[in-house]
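Colleague: Residue numbers (the working numbering), protein chains in the order written: chain A, 187 to 613; chain B, 187 to 613.
Simulated from the structure, these hints should not be mistaken for lab results. Hints may be right or wrong, so weigh each one.
No copy is singled out in the list; a pair is fine if it fits within one copy or between any two copies.
[Unchecked claim] Pairs of lysine-lysine, DSBU-like flavour, derived with a Cα cap of 35 Å:
1. K206 - K512
2. K330 - K206
3. K396 - K428
4. K330 - K512
5. K330 - K521
6. K498 - K428
7. K396 - K206
Note that the coordinates shown come from a computational prediction; the quantities given were computed from them, not determined experimentally.
Residue-level listing of the chains:
Protein chains: 2
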Amino acid sequence: MSIVVQKYGGSSVADAEAIKRVARRIVETRRAGHSVCVVVSAMGDTTDELLDLAEQVTPGPPARELDMLLTSGERISMALVAMAIAQHGVEARSFTGSQAGVITDAAHGAARIIDVTPGRIEDALGAGHVAIVAGFQGVSQTTKDITTLGRGGSDTTAVALAAALHADVCEIYTDVDGVFTADPRILPTARKVDVLSMEEMLDLAANGSKILHLRCVEYARRYGIPIHVRSSWSQREGTWIKDNPYQGEGAVEAPIIAGIAHDRSEAKITIVGVPDRVGVAARIFGAIADAGLNIDMIVQNVSVADAADTAKTDISFTLPQGDGAKGVQVLQGIKSDVDYHDLLLDDSIGKIALVGAGMKSHPGVSARFFRALADAGINIEMISTSEIRVSAVTRADQLDDAVRAVHTAFGLDSTEGEAIVYGGTGR
Amino acid sequence: MSIVVQKYGGSSVADAEAIKRVARRIVETRRAGHSVCVVVSAMGDTTDELLDLAEQVTPGPPARELDMLLTSGERISMALVAMAIAQHGVEARSFTGSQAGVITDAAHGAARIIDVTPGRIEDALGAGHVAIVAGFQGVSQTTKDITTLGRGGSDTTAVALAAALHADVCEIYTDVDGVFTADPRILPTARKVDVLSMEEMLDLAANGSKILHLRCVEYARRYGIPIHVRSSWSQREGTWIKDNPYQGEGAVEAPIIAGIAHDRSEAKITIVGVPDRVGVAARIFGAIADAGLNIDMIVQNVSVADAADTAKTDISFTLPQGDGAKGVQVLQGIKSDVDYHDLLLDDSIGKIALVGAGMKSHPGVSARFFRALADAGINIEMISTSEIRVSAVTRADQLDDAVRAVHTAFGLDSTEGEAIVYGGTGR
C-alpha cells in the first residue's frame, strides 16, 4: 500500500460544493487502497477577509497575532473537508500544523520548517483514516507559538509531510492540468509538459513560474519526493517532477526546452560610472546583502576610459520591485565610498527565461533565442545564462511578445489547440 | 498586584469597533496595575455561520470535526483583541484553549474541564503581558483532540482559569448591568441586584436565568471564585456573586428575595393512574435516568382508590422539551411492568422560581407567592420548594403575568424606572 500526500489549494476548497468535490476525489484515492494524507489551504477569499478584519482593528498588527488569526482559515477548511469525507463513510481526522508536527523557526509570517514529527498522522494513517492537515502553518520550536510559512506555504507543507511520511508521491492539485511550456494566459497554444527534472522546475520557479513555489521545489529536491502537479477538475495525468527523469530505467529523452518562464515583478538598478578597480563590486553587493535584499541577475559592462582617463564601468542588477527604493537608499549611503557617477532605478522591466536540461548538449540554443527576440523587434537589456537556462531582460510591455516569439521559435506551440483555463494555485 | 480574569461574550466582540472598545477597557485595567487574563467568545454570528457551512457540507458532521471547525471562531476574536491591545502599546499574547492548559474529557460538543495547567498564561502574566484566551474550548486529556465545552462554555473557561491562576475576581462582561430581580424584557421595572450568594445564583441559573450558566456557577462555588457580572458598556459596579456575602466582615443583610427566574423550555409528563405500591416510583425514574434524561420537578398526588378499590395515584415531572418524546417512549416501554393507565405530554408549561437566602428565616414567603398568583388569576399546576426557593409550574402563556405579579407582590419593582437593554451573554 502506497502513501499519497495530496494538496488542495484555496480555489479547490472555495465553497461547500468544491469541498464535496475534493472529498469525492480523496475518497476514491483511499478506496483504491492508498494511505492518504491531505494538505489544504484556507477557503477561497478567507485569508483576504481575515486580513481585512485585522486592518480594521489596527494598521500594524503584531506578527504573532496575525499568524494566530490567519491560521484559523485552514482550520475551517480542514474540518469541513474531514466532514465531507465522513459523509462517504470513510473515517477522516483533521490536524493543525502543530498537531501534525510541523516544527518551524520563530519567524512569524515567513517561518521555515526545521523538522516534521508526524506521529499523530502516522497513527491516523495506520488506523486506516484519512489525515487532513492544515497547510501554511506550523509551531515554533522555541516559543511554541503558531507560525505561518509565507508564500507557497501549503505546497511546502505538503512536500515536507511527504518527506517525513516517506510518501510515494506528493500530488499538488490546482486548476490547470499541470506545468505548461509557457503561461497559457499569454500563450493559448502552450503545451502541458509531461515530465520535468527537479532542476528544470527549480529554474522555472526561480524565474517567475507561479505553479509551484521555489521553496517547495527545493524541499522536494533535497528529499527526493516526486511531485505530481495536476488538475482537481479532471482525472488526467498532469506534470511529474522527479529526480533524473532523463536517465536510468523508464528514462525519457531530455527535451531541449522544458518551458519558458516570465516575470514582471522585478526592478533594475543601474550604477553608472563605477571606477573599475579591485573590490568595488564586493563593496557594492556586500552593502546590498547586509540590507537583506535578494538580487537576481548582475551584469557588468566592459570598462571604458572617461575624459580624465579613469577606467569606468556600469553595473546593473535586478531585485524585487518592492525592494527597489531600499536598494537605491543603500547605494546612496556608499556613494562617497564607491565614487560612482549616478544611479538609475527602472521598474518597467520584464524577464524571460528559457529552461531545459537538454540544452546542455545542444549548442546554438542561446543564438536561436536571441535571434527570435531580434526578429520580433525586442531589445535585450541584460543576459544571464546557466547550464540549463538562458534568460534576458526586456521592456515590461514587450514581455508577452517575447514569450510568444521564443515559444514559436523553439517549436513549442501545441497543434491540438485545446482551450486551457489557467489560474493561480492559492497559497 | 491582583490578578483579574475578564470574560467578554460574542456581542462584546461582534465587530472591529466593539473589539477596539473592549481593548480600551482591558488596557485601562492593566494600566491600573492589575495582571489581566481575558477570555473571549467568538465574534457575534461567527458560530452560526460556521454551523451553516458545516450544514452545507453534510447533515451529520462528526463531533470531533465540528469542534475543530467551531474553535476557529475564538481563534479569530482572540487574535484581533490582542492586536487591538497592542495598538495601545500594551503587550498582549493570545492562547488557544489547548495552549492555555484547559484539559477536558473527550466528550466533543459538551466536554467537561478536568484540569487547568496554565503555565504559559502564568509566564505571560509574569512578563507583564495581557493574556487572551479562547473561551469555550480545550484539549482532550486522552485523545489530544480539540474539544468544545458546550453551552455557557466561555463563562466556565473564565472561572476555571480564575481558579487555576488564583485570581482575585472573575469579571463576566455582558450587555446588561448585572443580574436583575427578573428578566427586564418582561419586567422593565426589574432592579439590578448588588450581591448574591453562590447558592442563590445557582438556583436562579438552574431555574431559567440566562445570565450565567449553571456549570460556571457550580465551578465558581467549588473553588470560591468571586464573580462580578457587569456591563461592557459602562464603568458601573454590576452584581457580585460570592461565598457567604451575608455573614462575616462586610456582610450585608440577606434579602428575602434575591430574584425571580423563569423558564419556558420545559415540558411536563403526567403518568395517570399509577398503582400506589412500593417500588413503582423507583422503577419509573430508574428507567428515565437510564435513558440519560434529566428531570427537574417531580410531583406525586395523594392516592385515591379506583372502582376496583386499588389505590392509584398520578405522577407528574418536568424535563427539557427536546427530551419529551423520548421520555414518553421510555415510559411506554415499561407500561406492562408499571401498569399505569395513561400518559400525558404537555409542552405548553412555564416555570417561575422565587429565590432568596433570606426566605429561610421569613415564614410566609410561599403563602404570599401563591396569593400573588391567585390574585392574578393564574392557576398553579405543580409546586416545588427548597430552603431558599419556591417554584411553580403554570401555563406557558401566563408565565409573564406570573413574573410581574410576584415581582410586585414582593416589592421588587424599581422606582427609578430606568430603561434597561437586555440581551443574551453569548456562549
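Colleague: With reference to the structure, classify each hint as holding or not holding.
Modeller: Evaluated hints:
In the homo-oligomer, the alpha carbons of K206 and K512 lie at most 35 Å apart only across protomers (34 Å), although the nearest pairing inside one protomer, at 46 Å, exceeds that limit. In this assembly of identical chains, K330 and K206 lie within 35 Å of each other by CA distance both inside one copy and across copies; the values are 34 Å within and 27 Å between. Taking identical chains as interchangeable, the C-alpha atoms of K396 and K428 lie at most 35 Å apart only when both belong to the same chain, with a minimum of 18 Å there against 61 Å between chains. When the C-alpha separation of K330 and K512 is checked against a cutoff of 35 Å, the pair qualifies only within one copy, where the shortest distance is 33 Å, while the shortest distance between copies is 47 Å.
Within a single copy, K330 and K521 get their C-alpha atoms no closer than 44 Å, and across copies no closer than 59 Å, so neither meets the 35 Å cut-off. Taking the closest pair of Cα atoms, K498 and K428 never come within 35 Å of each other, the shortest separation being 46 Å inside a single copy and 84 Å across copies. In this assembly of identical chains, K396 and K206 lie within 35 Å of each other by CA distance solely inside one copy; the values are 26 Å within and 38 Å between copies.
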